[in-house]
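Undergrad: Sequence:
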Amino acid sequence: MNFKQFLGSAALTFLVTLVTALVVTFLWNFFVHNAGRVDWETSFILAIIYGVVFPLSRSLEKK
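If you read the sequence shown in the numbering used here, its first letter stands for residue 785, the second for the next number, and so on.
Source of the hints: derived by calculation from the structure; they are not laboratory data. A quick note: this is a predicted structure, and the numbers were derived from the prediction, not measured. It is possible that some hints are incorrect.
Just the calculated beta-carbon pair ranges, DEER-fashion [said to hold, decoys possible]: (1) TRP812 - MET785: 33 to 39 Å; (2) THR804 - SER841: 32 to 38 Å; (3) GLY792 - ASP823: 26 to 32 Å; (4) LEU844 - LEU811: 29 to 35 Å; (5) ARG842 - ASN818: 38 to 44 Å; (6) PHE814 - PHE787: 16 to 22 Å; (7) ILE833 - LYS788: 34 to 40 Å; (8) MET785 - ASN818: 43 to 49 Å; (9) LYS846 - TRP824: 30 to 36 Å; (10) PHE815 - LEU840: 40 to 46 Å.
Cβ coordinates follow ideal geometry from the N, Cα and C atoms, glycine included.
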């Protein structure tokens with residue numbers, strides 16, 4: 785996996801994780817706390833971590 789493929793995979797993983805975390809935190813806060821808020825901090829932290837770790841582990845697995 786070259787650097788361009790790694791960046792593409794990292795960006796895609798980041799976006800999917802960010803959207804998923806936003807929806808989950810919104811629904812959690814809506815149903816549990818009766819407040820329709822999104823936890824942006826948690827969503828971005830998860831997206832950044834998963835956006836780097838998953839593509840990196842895939843590229844190291846192929847070697």
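Undergrad: Run every hint past the structure and note whether it holds.
TA: So, going through the hints one by one against the coordinates:
Separated by about 34 Å at the C-beta atoms, TRP812 and MET785 satisfy the suggested range of 33 to 39 Å. About 18 Å separates the C-beta atoms of THR804 and SER841, a value inconsistent with the hinted range of 32 to 38 Å. Distance hint check: the CB atoms of GLY792 and ASP823 are about 27 Å apart, consistent with the given range 26 to 32 Å. Take LEU844 and LEU811: their Cβ atoms lie about 34 Å apart, and the range 29 to 35 Å holds.
For ARG842 and ASN818, the Cβ-Cβ distance of about 40 Å falls inside the hinted range of 38 to 44 Å, so the restraint holds. At roughly 40 Å, the beta carbons of PHE814 and PHE787 sit outside the given window of 16 to 22 Å. Roughly 22 Å separates the CB atoms of ILE833 and LYS788, a value that falls outside the hinted 34 to 40 Å. Between MET785 and ASN818 the CB atoms are about 45 Å apart, so this pair conforms to the stated range of 43 to 49 Å.
Range check, LYS846 to TRP824: about 34 Å between beta-carbon atoms, so the 30 to 36 Å window is met. Here the CB-CB span from PHE815 to LEU840 is close to 34 Å, at odds with the stated 40 to 46 Å.
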